[in-house]
Each structure stands twice: as structure tokens, then as C-alpha cells.
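Engineer: Sequence:
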Amino acid sequence: MSRNTAELGPMQEQYISARIPTPVQASNHQPENFLVTHADIKRFIKRYSSLLKWSTAIGILLGAAYAWSAVPLYTAHAQIIIDPSLPKSLTDARDNIFGLDNAQVESQIQVIRSESIAQAVVKKLKLNEDPAFSGVSSSILTYPFRLLNGAPEPDALARERLALARYKNGLEVRRVGLSYSIDIFYSAPHPDLAAKLANATADAYIADQINARGLAARQGGLWLEERIDHLRKEMNAAALQAQEFRAKRDYRISPRAGAEGLPAAPREPVETRQNTLEELDSTAQTFRRIYESYLSAYTESVQKQSYPISNARVITEASAPTTKSYPRTKLILLFGGLMGALAGFGIAFCRAQLDRSVAGARQVRDELGLECLAMIPSFVDLRPPSPVTRLSAGLALAQRPSDLVRLLQRGAKSIVGRVNAWFMGSATTEEAAQETSRADLLSVVTLPFSIFSHAMKRLRTAIAIAARGRQLRSIAVTSTLPGEGKSTIAANLAALFAASGVRTLLIDGDMRRASLSRAFAPDAEQGLQEVLNGECALKDCIVRVDGSDLDLLPLSIAGLTNSPDAAPTVELAEPLLAEMQKSYDFIIFELPPLSASLDGLAVSSLVDGTIVVAEWGRTPLPLLSESIHLLRNAGANIAGVVINKIDTSTPDNGDLAGNYFSYSYAPANVERLR
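Just so you know, we're using the UniProt record's numbering here: the sequence shown kicks off at 1 and counts up by one.
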């Protein structure tokens with residue numbers, strides 16, 4: 001596999017003459033101070049959109065479950081008014097109107113809520129005998145359970161107290177603004193029962209007002225009876241005293257002295273007799289007037305007892321409601337969704353505070369002092385479509401009968417292949433998985449217009465821009481943790497350089513996993529270990545990757561089995577690298593992850609640049625920082641960081657590359673059908 005070292009073309013010089021600047025030391029880099037902006041909030045919502053959606057959906061489901069399981073309540077409405085202009089009795093026809101202050105109206109509201117009104121309603125409707133209010137079921141099915149529990153049946157007083165408590169739970173009384181109107185609301189499981197209880201409450205209040213006035217009239221009448229009897233006695237005594245005084249003294253006949261031999265009686269002064277008589281008559285008249293006034297009041301009190309009138313009346317009777325007032329399904333669902341969203345925001349905020357994984361280019365630049373060369377989308381978008389999808393898309397693009405026939409033939413072959421794989425078992429399935437892996441590692445060739453391919457081209461351009469000041473002919477691709485996609489990045493980057501006309505060699509240096517060798521050269525008997533040990537010449541171990549212009553130096557499976565830890569040293573790798581550069585313009589090493597093995601540090605110190613692959617949302621930033629520290633201590637020239645497996649559903653990740661994921665060419669669908 002020797003190549004002529006002819007003069008390089010313009011495309012080759014673009015990458016070979018590039019130079020890498022001196023690495024920026026993280027200790028000298030100060031992160032930018034910035035405030036939380038609308039873009040940060042938008043990015044936060046997009047990143048945790050899945051969590052927010054799920055939490056909101058769970059909140060709505062919980063609200064729906066509560067609304068479905070809750071006992072529905074119906075609220076009936078009655079309205080009364082306190083009219084101070086109504087006469088207090090049948091004979092009270094005065095036009096005087098006395099106003100009520102707020103304290104009096106609020107006092108009447110408390111009267112409606114009082115236990116006396118509740119007792120009147122319970123007694124009238126016999127709620128203490130209703131199982132819904134008294135809590136005692138008359139069903140024979142509940143009797144065995146009460147018998148087993150040993151709980152005695154509640155007595156009459158307990159049932160009445162329970163009925164009063166449950167009645168008060170459903171009652172609500174409110175004043176209408178600053179008016180004399182009072183609204184009475186009652187909520188019950190049945191519409192008719194709610195209306196009956198609301199009307200019964202209004203009637204009980206009016207009856208209580210009438211009874212209160214009648215009781216006051218009766219108590220006043222008893223007192224008036226005693227007072228009238230006492231005044232009658234005093235009036236009669238005063239009148240009798242005046243009559244006796246008048247009878248003892250006859251003002252018409254004057255006695256003569258010496259008549260019939262009797263001496264003449266002594267005579268009192270006329271003024272004294274007149275004053276005494278007038279005083280007695282005045283006292284008698286005063287007692288009479290007092291007696292008559294009390295007698296009139298007593299007559300009025302008797303009339304109030306016989307037919308009292310209340311100053312409150314019902315202006316709106318309650319009717320059976322047609323719609324339930326509780327639960328309010330829409331409000332409960334809205335509240336559940338809001339609570340779920342708030343809970344999701346809380347969880348997302350805690351995760352964001354505790355999450356120290358790689359999240360974006362600005363984070364890499366601020367925290368590590370390195371440039372983010374590219375942000376590669378998740379590989380899930382690159383899986384081949386199903387035969388049905390391919391067939392439907394092909395039918396939409398077919399313009400000639402020959403296209404339709406060719407499409408049907410391909411669809412039939414694909415279906416037959418899947419059926420054979422299903423019948424033949426794991427061996428065929430493993431081969432299919434290997435083919436899928438090969439397709440993924442060469443996606444820039446098989447799917448040149450995909451989002452992934454555009455991101456890889458962006459990485460190639462970023463390497464060319466970043467590599468200024470030092471010749472760039474070899475790079476190493478490593479990662480911090482296994483499974484971060486460094487093999488995919490290395491293979492597709494090498495294929496992209498090879499497709500540009502650059503003589504490119506891809507070297508599988510991950511001796512623990514050997515993903516590239518298993519995908520492209522699973523049967524290789526000689527490879528990197530044999531070349532390092534001098535058992536094989538370099539040109540005899542290099543293989544050409546099918547479907548591309550890329551050369552691969554694999555790892556032999558036998559060599560991995562015999563010496564899995566035979567890491568290349570500087571003494572062995574340096575002359576080998578010099579020999580490779582005689583035949584190739586660009587060399588890409590895939591090194592093992594630094595958290596699993598430090599075998600690649602020797603190679604990273606020899607190549608012109610090292611690219612560190614980090615997985616978006618998974619690679620811990622402190623661990624990535626430690627990997628960068630190890631590479632710098634080994635003397636590696638770090639070109640930058642590649643953030644892999646970006647979720648394309650949350651494209652805005654803090655740099656200009658975020659909006660790039662939404663941009664692709666229409667021919668991508670056509671390429672996937674070929």
C-alpha cells in the first residue's frame with residue numbers, strides 16, 4: 001500500500017500547512033461574568049423540555065384522577081333581604097324608615113350561621129335520620145362490619161351532632177356588596193337536596209326572627225301585666241283617698257255655733273283645704289294616665305304575640321341546580337398542570353444546579369479555556385429508515401415506470417433480508433449490526449447531506465481555522481469516558497479528509513475495544529501491534545476501507561488476545577509516525593478513553609494536535625478538566641473539544657452551532673433512498 005510522494009495539491013496544502021497555536025492555560029483563563037438573559041431561560045426550557053412536559057402531563061393526569069374520583073357537589077342559591085321599612089306589627093303603620101349599619105347586617109349573617117338555625121333545619125328535614133348526614137347506614141351489608149369492629153351504633157345525640165356538623169360544612173352565607181341582601185348557598189351531592197336545604201335555611205331564619213319577636217312580646221307582656229296590676233292598685237288608692245277627703249269635708253253647708261246646744265267646730269283655712277283636694281285629684285289623674293299608657297302597650301304586645309311580622313323576607317327561592325359546582329374539572333386540570341409544571345421547573349433547576357456535565361460551547365470555553373471545535377448531533381437521527389418508509393418516499397419521488405420497478409425490487413430484497421435475519425437467528429443479527437456500525441462510521445459518505453455530515457464538515461473547517469502557527473499533519477482523537485462516540489468522530493473525520501483528496505490514514509489505537517477494527521477489518525491477522533513489534537511491515541498491515549478512499553491500520557484480534565495491554569511507547573511510536581508521514585498527508589489516531597487507560601498519552605505527545613470528544617449532558621465537567629490536565633502534563637497540543645451526541649430537539653446550546661442543526665438540504669431524503 002505504498003504511495004508516491006508527489007507534489008501536494010491546493011486542497012492538501014490547506015490542511016498540511018495549518019498550524020496549531022499554543023494551548024491556552026486554564027489557570028490563566030477567567031470565565032466571563034454574565035447575567036441570566038432571556039436566551040439562557042429559553043435554553044434552560046429547551047434543555048429540560050422533556051422533563052417539563054412529563055411533569056405537566058403527570059400533574060394533569062393527577063388532577064383528572066382527582067376530578068374523576070371526587071364526589072360531585074351541586075350548589076343551590078337562595079337570597080333574603082332585611083327590609084327595615086316593614087312595620088313591626090299590624091298596627092304599626094308608621095312611615096319612619098330606620099337604617100341598618102354594617103354591624104347589624106353582619107350580626108344577622110352570624111345568626112344564619114348559628115347552631116339554632118342549624119338545629120331547626122335538622123329537626124325540620126330530619127337530617128339526623130338521613131345516613132348521608134348522620135353517618136349511620138341502614139344497609140344490611142354494613143351491619144356485619146360494624147359487628148366485627150365492635151363499634152356501637154351512635155346514640156341520638158351523637159347522630160344529631162354529626163348531622164349538625166355536616167350541615168354546617170355545606171352552608172355558605174355571604175352579603176351582597178353593601179346592600180341588605182344576603183346570599184345563602186348550600187352544596188350537597190344531589191341538586192334537589194341542595195335546593196331543599198337552602199330554602200329550609202332561609203325559612204328557618206325568618207321563623208327564628210318571628211319567634212324572637214314573639215318571645216320578646218310575651219316576656220314584655222308578662223312584665224306589663226305585673227306593672228298594670230300595680231298601677232291599678234295605686235290609681236284606685238289615689239281616687240279613693242280623694243273621694244274620702246271630699247266626703248269628710250262638705251263645702252256647701254257651714255255649721256252654726258250653739259245650734260242645738262252644740263259647740264261650733266273649728267274651721268280650717270280655705271286655702272289649705274283647696275290645695276289638699278287638688279293634689280289628691282292630680283295624683284289620681286296621673287296614675288290613671290300611666291295606667292292607660294301601660295294598658296295600651298300591653299294591648300300592642302298581645303297583638304304581636306298573636307300575629308308578629310319579620311323585617312326579613314325571601315326574594316329568591318333556591319331551585320335545583322343543573323350543573324355541578326364541585327369539582328370544577330377545568331380549573332382542577334389547569335391547577336394540576338400548573339403544579340406539575342412548577343414541580344418540573346423545581347426538579348429541572350435542582351438538576352441544573354447539581355449537573356456538572358458538558359452542556360455547551362460557552363461552558364467549555366469559560367470553564368476549560370478551550371475552544372469548542374464542533375457540536376455533533378445525536379446519532380439516533382442517522383438510523384436507516386424502515387422498508388415501508390423507504391418505499392413510500394420512493395413512490396413519491398418516482399417519475400418513470402422503471403423507477404417504480406427498481407424501487408419495488410429493492411423493497412422486496414429488504415423485506416426478504418429481514419425475514420431471513422429473523423429466521424436464521426443471532427448470527428445474521430450480528431452481521432446486520434456490524435453493517436449498521438459500518439454505515440454509522442462512514443455516514444459522511446453514505447449520507448453526505450445529513451445534519452451529522454454538515455456538523456462533521458464544520459469540525460473539519462474548525463480544525464483548519466484553529467490550526468494556525470504550526471504544521472498539522474497528524475491528530476489524535478480521544479475522550480474521557482467510554483461510549484462518548486470518539487470512534488464515530490475519528491472514522492467520519494478521516495473519511496471526510498479522504499473524500500477531499502487528502503491521503504488519509506486512520507489508526508485504531510484503542511486496544512481495549514478496537515471498534516474500528518471490528519467494523520472495518522474484523523478478520524485482520526496483522527495490525528498495529530505487529531508493526532510496533534517489528535513482526536510486519538507497515539504497508540502489509542494497512543487495509544482499504546470499502547466504499548471510500550480511506551486507509552486503515554487496524555488491530556489484529558490475535559494481537560489483542562495475546563497482549564491486550566501492549567501500549568505503544570514514545571520510542572516505538574515516533575519512528576512509526578515518521579514512516580507514516582512519508583506516505584500519507586494526514587494521519588488520525590483513535591486513542592482509548594483517558595478514564596479507562598492512559599496508554600494514549602505517549603501518542604498524544606507526538607501528534608500535532610489532540611481532539612477531546614465529550615458527550616453532551618453525560619461527560620462530567622470536572623472529569624473532563626482532569627483529562628485536559630493529563631494531556632497537558634503529557635505535552636499534548638490540545639486543538640479543542642468536540643461535543644458529541646447533541647439532542648437536536650434542543651438546538652440552542654449556547655453558541656452559533658445550535659441553529660445549524662435545523663439547516664439541511666432537501667436531497668438528504670433522496671440520498672437515504674439510494
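None of these hints come from the bench; they were simulated from the model. Do not take every clue at face value.
What the hints assert, rightly or not - If you anchor each label on the Cβ, the simulated ranges turn out as follows:
| no. | residue 1 | residue 2 | range |
| --- | --- | --- | --- |
| 1 | 314 | 114 | 55 to 61 Å |
| 2 | 51 | 525 | 49 to 55 Å |
| 3 | 41 | 572 | 49 to 55 Å |
| 4 | 279 | 211 | 45 to 51 Å |
| 5 | 328 | 183 | 24 to 30 Å |
The structure presented is a predicted model; accordingly, all values stated were derived computationally and were not measured. Think of the CB as a built atom: it goes at the ideal place given N, C-alpha and C, for glycine as much as any other residue.
Engineer: Each of the hints needs a verdict: does it hold here or not?
Structural biologist: The hints, checked one at a time:
Against the hinted window of 55 to 61 Å, the Cβ-Cβ separation of residue 314 and residue 114 comes to about 18 Å, which falls outside the hint. In this structure the supplied range 49 to 55 Å holds for residue 51 paired with residue 525, their Cβ-Cβ distance being about 50 Å. Distance hint for residue 41 and residue 572: a CB-CB separation of about 53 Å, consistent with the stated range 49 to 55 Å. Distance hint check for residue 279 and residue 211: the Cβ-Cβ separation is about 48 Å, which falls inside the suggested range of 45 to 51 Å.
For residue 328 paired with residue 183, a C-beta distance near 19 Å fails the hint of 24 to 30 Å.
Consistency note: the structure conflicts with the earlier hints numbered 1, 5.
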